[in-house]
Amino acid sequence: HARHIRVLFASRPHATRSRPAAVHHHLRYIAAALIGVFVLIAAAAYLYRRRRRAASRPAGVAPGS
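Count the sequence shown with this note's numbering and you get residues 10 to 74, in order.
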């Protein structure tokens, strides 16, 4: 006051709470891994059945007959 300097007091903004990190990307990786496992199991089953069918046919017979 003695030097005639104005002092402005401004309140600080309220601290905001930090939001928890999103977990969506972790769930995507887990879901992609599960889908990959199911695709591998399905491919293995398909190839196994195909191989067994080919082995059960007689040697000289065509596949369509």
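For the record, the hints were derived by calculation from the structure and aren't laboratory data.
Where hints are given, some of them may not hold.
[Stated by the list, open to error] Derived Cβ-Cβ restraints for the label pairs, each shown as a range:
#1 H35 to R15: 26 to 36 angstroms
#2 I39 to A63: 34 to 44 angstroms
#3 V48 to S20: 34 to 44 angstroms
#4 A53 to R28: 53 to 63 angstroms
#5 Y57 to S27: 31 to 41 angstroms
#6 R58 to H34: 28 to 38 angstroms
#7 H23 to L43: 34 to 44 angstroms
Just so you know, even glycine gets a beta-carbon here, dropped at the ideal spot from N, CA and C.
Hint check:
Between H35 and R15 the beta carbon distance is about 54 angstroms. The supplied range of 26 to 36 angstroms is therefore violated. In this structure the hint that I39 and A63 lie 34 to 44 angstroms apart at CB holds, the actual value being about 37 angstroms. About 58 angstroms separates the C-beta atoms of V48 and S20, a value inconsistent with the hinted range of 34 to 44 angstroms. Between A53 and R28, the C-beta spacing of about 43 angstroms breaks the proposed range 53 to 63 angstroms.
Evaluation of the 31 to 41 angstroms hint for Y57 and S27 yields a failure: the beta carbon distance comes to about 52 angstroms. The given range of 28 to 38 angstroms is respected by R58 and H34, whose C-beta atoms sit roughly 37 angstroms from each other. Checked against the hint of 34 to 44 angstroms, the C-beta distance between H23 and L43 comes to roughly 43 angstroms, which is consistent with it.
Checked against the numbered hints given earlier, the structure breaks hints 1, 3, 4 and 5 and satisfies all the rest.
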